[in-house]
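2 protein chains.
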Amino acid sequence: MQLAGRVAHMTGDGSDGWEIYYRARDLKARGVAVVNLTIGEHDIRTDPRILDAMAASARAGNTGYTVGPGKPDLRRAIAERVTARAGVATGPGNVMVTPGGQAALFAAHMVTLDPGDTGLYCDPYYATYPGTIRATGARDVAVPTRPETGFQPEAEAIAARAAGARTLLINTPNNPTGTVYTRRTLEDVARVAADHDLWLISDEVYDTQLWAGEHLSPRALPGMAERTLVVGSLSKSHAMTGSRIGWLIGPEAVIGAVTALATNTTYGLPGYIQDAGLAALSLGAAFEEAVSAPFRRRRDLAVACLASSNRLRLVPSGGAMYVMVDVRATGLSGNRFAERLLEAERIAVMPGESFGQAAAGHVRIALTVDDDALAEALARLAAFAEGLPDAG
Amino acid sequence: MQLAGRVAHMTGDGSDGWEIYYRARDLKARGVAVVNLTIGEHDIRTDPRILDAMAASARAGNTGYTVGPGKPDLRRAIAERVTARAGVATGPGNVMVTPGGQAALFAAHMVTLDPGDTGLYCDPYYATYPGTIRATGARDVAVPTRPETGFQPEAEAIAARAAGARTLLINTPNNPTGTVYTRRTLEDVARVAADHDLWLISDEVYDTQLWAGEHLSPRALPGMAERTLVVGSLSKSHAMTGSRIGWLIGPEAVIGAVTALATNTTYGLPGYIQDAGLAALSLGAAFEEAVSAPFRRRRDLAVACLASSNRLRLVPSGGAMYVMVDVRATGLSGNRFAERLLEAERIAVMPGESFGQAAAGHVRIALTVDDDALAEALARLAAFAEGLPDAG
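Protein chains in written order, with this note's numbering: chain A, 8 to 399; chain B, 8 to 399.
Read the hints as simulated data drawn from the structure, not as lab findings.
Positions of the beta carbon are idealized from the N, C-alpha and C atoms, including for glycine.
Any given hint could be a false lead.
As the list claims (entries may be wrong) - Chain B is nowhere near these chain A residues, computed Cβ spacing over 12 Å in every case:
{"id": "1", "residue": "46"}
{"id": "2", "residue": "80"}
{"id": "3", "residue": "99"}
{"id": "4", "residue": "148"}
{"id": "5", "residue": "156"}
{"id": "6", "residue": "164"}
{"id": "7", "residue": "191"}
{"id": "8", "residue": "227"}
{"id": "9", "residue": "251"}
{"id": "10", "residue": "291"}
{"id": "11", "residue": "303"}
{"id": "12", "residue": "304"}
{"id": "13", "residue": "352"}
{"id": "14", "residue": "367"}
{"id": "15", "residue": "379"}
Stated by the list, open to error - Covered stretches of chain B, going by a simulated chain A footprint (3 or more residues, C-beta under 8 Å):
{"id": "16", "stretch": "57 to 69"}
{"id": "17", "stretch": "107 to 115"}
{"id": "18", "stretch": "265 to 274"}
Unchecked claim - Partial selection, computed: residues in chain B whose CB lies under 8 Å from chain A:
{"id": "19", "residue": "10"}
{"id": "20", "residue": "17"}
{"id": "21", "residue": "28"}
{"id": "22", "residue": "32"}
{"id": "23", "residue": "34"}
{"id": "24", "residue": "36"}
{"id": "25", "residue": "48"}
{"id": "26", "residue": "52"}
{"id": "27", "residue": "119"}
{"id": "28", "residue": "120"}
{"id": "29", "residue": "233"}
{"id": "30", "residue": "234"}
{"id": "31", "residue": "251"}
{"id": "32", "residue": "277"}
{"id": "33", "residue": "278"}
With these hints in hand, go ahead and build the complete structure from the sequences.
In structure tokens form, the structure reads like this:
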């Protein structure tokens, strides 16, 4: 029995960096102590106040169908948050609640790309980007960014690939690089999007993990609200990765289209989880700051730990729960560095190659263990790099 | 800004029977007492034992990512249930846990249909079927069934539309008709599927709501396990509509494909909901019987209430939480009958036309209010039909 052709093209392009993740998991299962710095998940669990609100909602009978774009009170709360943070007027009609940010990402591409169209995304990229575009039947085309410019997207590189494209997917603060796009970058991106009549799909799920300044959403730039779809989520901001609650922000016509699509794909999300989301948002900015603070602290710690290394260079990091380290001076690829690091030191990091081509010769370090464990792991990682034979 | 072409083709073909539902909801919001027999949702809420298990799991820290095809213990429990009920050996590797039956339906079509392919489904149909097929980029083609044969699918009708088709979607026990496909029907369907090399997608979410005999899954027929994908859910069997927990059963290669697809669409479902699902299944057959018993009782009640009507004929009903009533003797369409019934009696039912063409001149009655309220509504409905002027 034959499967659809799209099945063969559903997974990503990156070399199989997940090898390291699986190998680390297997070692752990066999009782070997491994420091796992691969996955972008907090070292805390969801706050009990949020879980209590969820349990109370479920016990109160909110266990039936919830169809459409989300519960009105939650849509309103998200709209208010987006208005306040992004500085652009957003009403409940601009908000679709989705079962996680990934579902919003998929829905955004499903309503803007037809089979055969081209969808652009920036390399390095989060693992699901190419597959998400391909799942719609569209062609995925990567726009390379460069270590030399701190992995900021460049207008020329986008424009060179924009013929026939209908969407451009960007991500700031960025996974895997930790890069925060500058206003200049976002203005360039906006100009190219307008010139080539592209939908801009802006993944902003790390918008609370910002180490300096304020989050700038490209939707707030002049004329961009009508062509920008913003993906948001409570996963990273509120340590609710498993609860699958996110949203898509966009013009009302787009929200109508993704609502119709959801009827055919997921059919709403649990009312009690929506109530948990409302409770989470009601905890306010101080709570969000408390959830993100450890990553800021650990970013600073990584800067300090690696400052004196001759072999390792930290990519300037402005946000997100990762740092990216340039290991090219060791003469090893990111893959090989990660493999040997796991073998020698039992420290698991993600090879840059698993995020595309642009971050080859780098590794991504998730800042997701406690400060002492991270400091020790980074010291060992730096010593490991120093101890490698000279390149070439 | 232009949306994808698929957006215009995402919703169904049925005439807008949801008008009645929305009108009833508006009346209710304005304080008018309406008996709502439109929606297939229990008049009970999810059992507290299931919700307690969910809350306990969440509080125990199961709030992180759960990727892949589902938690091993839940996949095992579902596999055991399917093996026991369908009588066909099913292992955890044949099970993908999905955020609801609709997500399983969508995934099944996404991995078997490419843009431009044809997907078949039987008319009358559950509202999302055509849109689900269209969302994949495929063409949806309805196979009509007939009131004269109790809406059982007929091999000739399927075969006549099978050229170029890759999938056939069936649903037994059936929404909206209440029809349970006979062994003969399913053998015919299986033969046509094999002859035309079709994937058979079998929606069996009402498999516990069966008023006589045992549920027959076409996957259990000789040679069919390799080409049948079964959609299941806890929504109807365990009154968990809002929790969005379902599954797809199929060959391991298909489960691998839908797992890869899920990475790009929904990215797993909450671990604590999976634990709630496991708790629900552990309540056993007696619990499932208790959840379905009211619908059997009310089906019998509907048979009794409408037996003496000259104008109304009940479609022989073998299962599901609905009965279908033939109103053609009144000279009214299903749409017009439902509109006038709502106006005159404040009783809301779904016009047959909202489920396609084949059930024109019928209305669907959801058995989802308590027995006394249902009996009274049916008596008023019958009297209303008798009081209509003679047809023609």
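Report the numbers of all earlier hints that the structure fails to satisfy, in ascending order. 1, 9, 21, 22, 23 and 24
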